Amino acid sequence: MLKTLSDLVPNVFLAMLLAAAAIMAFATVNALFLVWLERKVSARMQRRYGPTVVGPFGMFQTLVDVVKLLSKQLISPKDIDKPLYHLAPIVVFVPVVLGLSLFPIDKSFALVDTNVGLVLVFAFAGMGFIAIFMAGWGSNNKYALLGAMRAVAQNIAYEIPLILAALAVTMIARSMRIADIVEAQGSFPYILVQPIGALIYYISAVAETNRAPFDIPEAESELVAGFHTEYSGMRFALFFLAEYTNMVIVSMVATSLFLGGYKGPLLPGPVWFFGKVYFLIFVMLWLRWTFPRLRFDQLMTFAWKVLIPLALANLLVTATVLKVMS
Amino acid sequence: MDAVHPSAWAFVVVALGGALLSVSLRNILHAIFGLALALFGIAGLFLYLGSPFVAAMEVLIYVGGISVAMVFAVMLAYSLGKKEGGSTRRFLAVVPVGGFFGVVGYALLRASFAVTSKTGSWDLKLVGRKLLLDYNVVFEALSVVLLLAIVGAIIIARRDEKTGDDKTADEKAASKGNDAASAEERAS
Amino acid sequence: MSADTSLVAPGAEKKRGYLALLVAGFFTLLSGMWVTLKNLFRKPVTLRYPRERPELSTAFRSAIDLVDFEELGSHDCVACMQCVNICPSFCIQVEGQKYDGVKRKRATKFLVDYALCSVCGLCIDVCPTETLKYSKIYDEVSFERDAFVFDLLEPFVEREEAFLEGQRIADAKEAEEKKKKAEAAKKAKAAVAAKKKADGGEEAEKAEKPKAEKPKAAKPKAEAPKAEAPKAEAPRADEPKAEAEAEAPKAEADAPKAEADAPKADEPKAGKVDKAAVEAKPAEPKPKAAFAKPDSDAKAASLARIEAAKKRALEKKKQAEQQAEGEGE
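Chains as they are written, first to last, in my numbering: chain U, 154 to 479; chain X, 10 to 197; chain H, 259 to 587.
Take the hints with a grain of salt, since some may be wrong.
Not close to chain X: a few residues of chain U, all C-beta gaps over 10 Å, as computed [stated by the list, open to error]:
1) Ala168
2) Met177
3) Lys193
4) Pro209
5) Gly211
6) Ile258
7) Pro348
8) Phe427
9) Trp439
10) Thr443
11) Val459
The calculated lysine to aspartate or glutamate pairs, modelled on EDC-like cross-linking and capped at a C-alpha distance of 20 Å, are [said to hold, decoys possible]:
12) H:Lys391 x H:Glu419
13) H:Lys367 x H:Asp323
14) U:Lys260 x U:Glu375
15) H:Lys367 x H:Asp326
16) X:Lys134 x U:Glu336
17) X:Lys134 x U:Asp333
If you are wondering where the hints come from, they were derived from the structure by calculation, not from laboratory data.
All figures in this text were calculated on a predicted structure; none of them were measured in a lab.
For glycine and all other residues, C-beta sits at the position ideal for the given N, C-alpha and C.
Working from the sequences, and respecting the hints, build out all of it.
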């Protein structure tokens, strides 16, 4: 039987505190690890070494970077929209933290279990857009504003195929509870049933996290750093943290929906779960360091003319097959 | 009425505060963000009332979608950063707003709500059944409205292509200006 | 939307269907990912510079350095000054000294100012004992000019005493051998002369020349002083007027200078270098004087030049101004 944190810790406030601490710790350590991994993978793909000096294989390099970020002065540009500018890093981080709590990492454990878990994940992801917009608008910077507009346009476009692909899976599993979906994938993962759906989901997920080749909102060559151009020090670090945690979340969704979550032979559930998650993240890094950035019109064309029709067709076929079979 | 849990009041405060911000702030973008806050509070209230599905949908569609669409609309329609002056006749708005508020309030007070279950969570299947069986006609009508909206949007977007010219009106004007300028040059 | 927004070239779209294009595109993406995946497992090509250093090409040129000959246990600079004389940048300073019991002169000071050096390599070409080479220095950095004045003798200082001792012994031995050989040669010459008289004529002379040339050809390789014993004979034979009787004692007395010049004369390009050396002798005081001047003098000279140029410029300006004023009035 699936247990949640509130089952294990009866006191609600204590449970909330514990969950917050656990998630924050995980998000931070994960971001530290992923930044290191990203630098290492990119380096090896380009036949460089990457960080090697601090710690074994340079693993503590990001830790040192964080110390640097912490000690940096927080610079606020002139004529910013103060409330929006200061709120944005917090608003971008909160939904990300919330989203992390929804996944069953083992047959018997999830921090939070709800029957609409899947919808909640996407809802929290949606909250991120508005934070990006706040950052872009509040910074009083043309690059930030352009980056924010691109980010939001892109996210709205790619959210549709993302949700449509996930919807096909919920139709097969007949539930929106993530634990049920994982359990419904008996001996084989849904990627075998829904190969196109899985592909559409994964592509859209990469676009949702604003990562290359869909990193148009942060296109360095055109927009400096996009919506977080004007953020420095820990404010910038929060955006960074949110970006890397978002990668984990979309990978967790993909793992739960298409790869059978914690299921796998021999090894315990959490190992399988995190193994799959980090494999998907590795593929994201791999994509980033292989493909060049799309042009904005190509990006939109791809979303509206390729992904959405395909996702709709996929949904239709799935529904028909389900109806015929039942 | 049963006693309301104090945590619910937090959502009420958020919802009302956001609503207040959205009508009182001068900067129209701030107002939209205030609206998003209000919608978020309402989502919290749905959650409190035992319907996480509606709450999640509220956040997904209204906070993540509608607010952002409004921001887009504002940015495309207004020149950015320009502060709008208050209208002198805005007190006249009290009349329609007050009238609407009175009617809705009266209706709400007169209606009696059957509290089915506050504690038990809504079954998702129940929502689906209600929507697609009991309220089928309403659901279909709504989808027709949305379809019309989409078709309308496409027609507006494609208006210029009908003339066999894929330039927008602005571009046409600009090119016309250029033509005129070059003609002048030739003349001189 | 215009055709530009399409994901593929407009022509290609017509030939193949929409889905076929999508699938084909997908596989091209995979092939790209295969490339990066392969590279992920290949060895990095980065050179971690301060900890690792590149293997420099044998053609790499940098500041000159002294060759440390294994068989000598030291360098072989005889302070012949040819490098100093030929250097177009005047960046080499050499001083030498003659030690008792050692046949050849020995450098006591060898400074190279790398800041002035143009790495032309003339000194290396001209060096009679081939004790100069290019070093592999490539990352020398300093805020001071003086840091680039390299003392090439520095690594040899400790070994100098031992080297001189060894050289004394070797030279003594060599001298003895030479004496013996000279005597033998004398005898041989006498015999030849006798034969010549007997045979009468130039034939014998012709026959002798190739004989004398043979050791010459072998020599460039056996440049090291130890192998000098047979060499020493060759130059003698080469010089037209060289009569064996006159030479043997002379060569010893002349010691370093003659010795240094002689091998050179044997080398293929020797003719040119020899000339240079001969010419350099009278010219020697000149570069020496130039070098004797401390750096500050050179600086002062250049400063003076700059000062003069400034003055000239000022005068010109004044003139121009005056002219302008005149025109204005």
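How the hints compare with the structure:
no. : hint                : result
1   : Ala168              : 14 Å, holds
2   : Met177              : 21 Å, holds
3   : Lys193              : 34 Å, holds
4   : Pro209              : 41 Å, holds
5   : Gly211              : 38 Å, holds
6   : Ile258              : 21 Å, holds
7   : Pro348              : 26 Å, holds
8   : Phe427              : 25 Å, holds
9   : Trp439              : 29 Å, holds
10  : Thr443              : 30 Å, holds
11  : Val459              : 18 Å, holds
12  : H:Lys391 x H:Glu419 : 24 Å, violated
13  : H:Lys367 x H:Asp323 : 13 Å, holds
14  : U:Lys260 x U:Glu375 : 46 Å, violated
15  : H:Lys367 x H:Asp326 : 16 Å, holds
16  : X:Lys134 x U:Glu336 : 18 Å, holds
17  : X:Lys134 x U:Asp333 : 14 Å, holds
Violated hints, in rising order: 12, 14; the structure is consistent with all others.
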